[in-house]
Amino acid sequence: MGDARLSRWLVAVPMTALALATIYPMVFTTNIAMKTQREYIFNRFSPSRSVQWDNVTTAWTSGDMAQYFINSLIVVGAAVALLLLLGSMAGFALSHLRFRGSRALFLGCLAALFIPFQVIMVPLARTMADGGLIDTYPGLVLAYVAQFLPFTIYLMTSYYSGIPGEIIDAARIDGSSFYGVYRRIMVPLGLPALLSIGILDALFCWNDVLIALLMMPSAEHRTLMVGVTTLRGQYSNDIPTFAAGVLIAAVPVMMAYLIFQRQIADAVTAGATKG
Amino acid sequence: MDAGRTGGATAHVAPPVAQAATRRLRSDRLAPYVLVAPAVLVIVLLRLWPLLLGVNFSFTGDGERNGTSVGLSNYVELFRDPLFRTALRNVGLLVLLLPVAVAIPGLLATFIFLRVPGHRFFRTVYFFPAVLSPVIIGAIFNLLLGADGPLNAALETVGLGPVDWLGEPKLAIFAVVGVHIWATFGMALVVFLSGFATLDTTLLDAARSDGASTRQVIWHVIMPGLSRTIQFVFVTTMIGMLTSMFGLLFVMTSGGPGGSTYLPEYYIWTQQGQMNRPALASAASTVLFLVMLVIGLAQIAILRRGLRED
Numbered sequence: 001m002g003d004a005r006l007s008r009w010l011v012a013v014p015m016t017a018l019a020l021a022t023i024y025p026m027v028f029t030t031n032i033a034m035k036t037q038r039e040y041i042f043n044r045f046s047p048s049r050s051v052q053w054d055n056v057t058t059a060w061t062s063g064d065m066a067q068y069f070i071n072s073l074i075v076v077g078a079a080v081a082l083l084l085l086l087g088s089m090a091g092f093a094l095s096h097l098r099f100r101g102s103r104a105l106f107l108g109c110l111a112a113l114f115i116p117f118q119v120i121m122v123p124l125a126r127t128m129a130d131g132g133l134i135d136t137y138p139g140l141v142l143a144y145v146a147q148f149l150p151f152t153i154y155l156m157t158s159y160y161s162g163i164p165g166e167i168i169d170a171a172r173i174d175g176s177s178f179y180g181v182y183r184r185i186m187v188p189l190g191l192p193a194l195l196s197i198g199i200l201d202a203l204f205c206w207n208d209v210l211i212a213l214l215m216m217p218s219a220e221h222r223t224l225m226v227g228v229t230t231l232r233g234q235y236s237n238d239i240p241t242f243a244a245g246v247l248i249a250a251v252p253v254m255m256a257y258l259i260f261q262r263q264i265a266d267a268v269t270a271g272a273t274k275g
Numbered sequence: 001m002d003a004g005r006t007g008g009a010t011a012h013v014a015p016p017v018a019q020a021a022t023r024r025l026r027s028d029r030l031a032p033y034v035l036v037a038p039a040v041l042v043i044v045l046l047r048l049w050p051l052l053l054g055v056n057f058s059f060t061g062d063g064e065r066n067g068t069s070v071g072l073s074n075y076v077e078l079f080r081d082p083l084f085r086t087a088l089r090n091v092g093l094l095v096l097l098l099p100v101a102v103a104i105p106g107l108l109a110t111f112i113f114l115r116v117p118g119h120r121f122f123r124t125v126y127f128f129p130a131v132l133s134p135v136i137i138g139a140i141f142n143l144l145l146g147a148d149g150p151l152n153a154a155l156e157t158v159g160l161g162p163v164d165w166l167g168e169p170k171l172a173i174f175a176v177v178g179v180h181i182w183a184t185f186g187m188a189l190v191v192f193l194s195g196f197a198t199l200d201t202t203l204l205d206a207a208r209s210d211g212a213s214t215r216q217v218i219w220h221v222i223m224p225g226l227s228r229t230i231q232f233v234f235v236t237t238m239i240g241m242l243t244s245m246f247g248l249l250f251v252m253t254s255g256g257p258g259g260s261t262y263l264p265e266y267y268i269w270t271q272q273g274q275m276n277r278p279a280l281a282s283a284a285s286t287v288l289f290l291v292m293l294v295i296g297l298a299q300i301a302i303l304r305r306g307l308r309e310d
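Here the protein sequences line up with chains A and B, keeping their order. Numbering follows the working numbering, in which position 90 of the first sequence is assigned residue number 90; successive positions increment by one, without gaps. Numbering follows the working numbering, in which position 238 of the second sequence is assigned residue number 238; successive positions increment by one, without gaps.
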């Protein structure tokens with residue numbers, strides 16, 4: 001038994017090294033963002049002597065990160081709201097209501113799950129352009145909804161399947177319509193799933209760059225992640241400000257991760273274990 | 001809902017209560033369709049229809065021949081294009097690296113499951129990069145892998161010259177894939193851990209008390225018990241490698257140096273966005289879809305046999 005204990009600790013050593021390697025890039029970037037240009041040039045790797053926020057302010061204002069941040073908030077907020085609304089409505093119907101074509105619909109949804117965006121992006125861009133939706137907020141929101149809806153429906157359906165039909169029957173006997181059941185029972189009971197799936201959807205949308213590049217070509221409509229891709233060119237001679245811009249884009253996600261780690265892991269694994 | 005309004009004559013002569021009941025019945029019958037309609041509309045119009053449109057589009061011409069049928073000429077051009085051939089070669093490389101990308105999180109998850117000291121901490125830390133955007137990760141690694149970045153500085157202290165990680169055509173693709181694996185192994189790790197949670201622990205204990213070594217436990221108890229999870233991780237990791245490296249490529253190499261880090265998704269992007277060749281891009285999309293389908297099905301077939309599952 002002593003041997004087993006020893007080997008456990010032996011495993012923990014490389015795992016700790018890997019953990020440090022996992023954290024290091026973020027620490028490195030934060031450290032640089034806190035340095036002055038001068039300090040960065042002469043003392044690249046040492047801990048920053050002065051914690052100063054000038055670089056962050058510069059990136060936020062002159063780098064237009066503030067505008068990109070707001071653009072991202074608008075698009076992600078609208079997309080997630082729509083995803084959860086459409087996903088929970090369809091999830092309720094697919095899990096508890098009997099209707100013609102429901103099985104075909106669920107299978108179609110699963111099939112759509114396996115169509116990568118890269119495969120449909122050319123015709124999608126054309127359809128969006130025909131509808132006058134390129135370079136508009138609704139266009140990008142719609143593209144995100146289309147991209148992540150099959151996943152959202154799939155998870156909502158499997159979550160709702162775990163809710164006993166008796167609850168619905170009881171409400172029906174009390175005279176509720178299906179819409180009433182949806183509003184008064186399925187939405188409140190679905191809150192844990194809506195929260196974790198909503199967070200995951202928000203992460204997907206927030207982190208995306210390909211769909212945003214395709215749907216929002218003009219500079220003033222850039223989302224935050226598209227903004228990050230332009231930072232390097234903008235601050236090629238000012239690495240601390242570049243790092244500060246990257247940090248601005250990363251901080252909301254880091255906060256979300258610290259608060260909602262559990263929900264994110266739940267949503268990721270729900271897809272794996274139910275399939 | 002005025003769906004019940006459009007009813008026939010029976011609704012008119014029926015007494016109020018019965019009338020309300022018919023209306024409700026009709027509204028009930030309609031309700032599922034009303035609930036799924038918006039979702040169906042979005043999925044059919046913006047996911048399934050574009051797939052057909054794209055396949056159709058790949059048989060038409062670009063530029064002056066826009067809209068006219070050109071048969072297979074886009075596909076012929078595609079396979080003659082050295083850039084696309086590089087992209088396909090790189091897909092082959094990714095498939096070869098796939099077992100590594102699955103084994104790393106699998107092994108780490110096993111240790112965490114076996115309660116290595118600090119397993120909670122490891123779980124939290126390892127998953128963290130998986131929530132960051134590839135764009136942010138790419139931007140950070142541009143600094144880390146730079147000529148004067150920390151990795152080269154570390155190499156220098158042991159007497160090795162600076163390596164141009166992203167500038168060497170033979171090296172760059174490995175650097176980008178390495179970063180991708182670093183950034184995403186936490187996702188697979190969490191999936192593995194959820195699979196472990198469904199394992200029959202009495203089986204593990206029995207094997208242990210029969211004197212099985214850790215290695216034997218992994219091979220004969222854990223692996224067969226996790227066969228579904230392993231299949232899932234293989235397929236999703238493959239999908240991730242083929243469809244979510246765009247952000248990294250865009251920020252780190254732009255497909256270079258010399259086109260050596262092209263992947264099909266990057267090729268599609270440049271043909272559509274920069275070269276204004278949407279029909280050629282559609283052909284590349286169709287090829288990517290088929291490639292993924294074939295690899296995915298082959299994986300499942302191989303893994304099923306390998307893991308002795310019926």
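I should point out that these hints are in silico values taken from the structure, not numbers from a laboratory. Among these hints, one or two may not hold up.
As the list claims (entries may be wrong) - Here are the simulated distance ranges between beta carbons:
hint : chain 1 : residue 1 : chain 2 : residue 2 : range
1    : B       : Glu168    : A       : Tyr137    : 20 to 28 Å
2    : B       : Ser209    : A       : Val51     : 54 to 62 Å
3    : A       : Ala111    : B       : Arg80     : 30 to 38 Å
4    : A       : Pro14     : B       : Pro99     : 18 to 26 Å
5    : B       : Met275    : A       : Ser161    : 44 to 52 Å
Beta carbons are placed, not taken as given, at the ideal position from N, Cα and C, and that holds for glycine.
Hints, verified against the model:
1. Range check, B:Glu168 to A:Tyr137: about 42 Å between beta-carbon atoms, so the 20 to 28 Å window is missed.
2. Between B:Ser209 and A:Val51 the CB atoms are about 55 Å apart, so this pair conforms to the stated range of 54 to 62 Å.
3. Hint check: A:Ala111 to B:Arg80, Cβ distance near 32 Å, so the stated range 30 to 38 Å holds.
4. Range check, A:Pro14 to B:Pro99: Cβ separation about 19 Å, and the 18 to 26 Å hint holds.
5. Between B:Met275 and A:Ser161 the beta carbons are some 47 Å apart, a value that agrees with the proposed interval 44 to 52 Å.
Of the hints listed earlier, the one the structure fails to meet is number 1.
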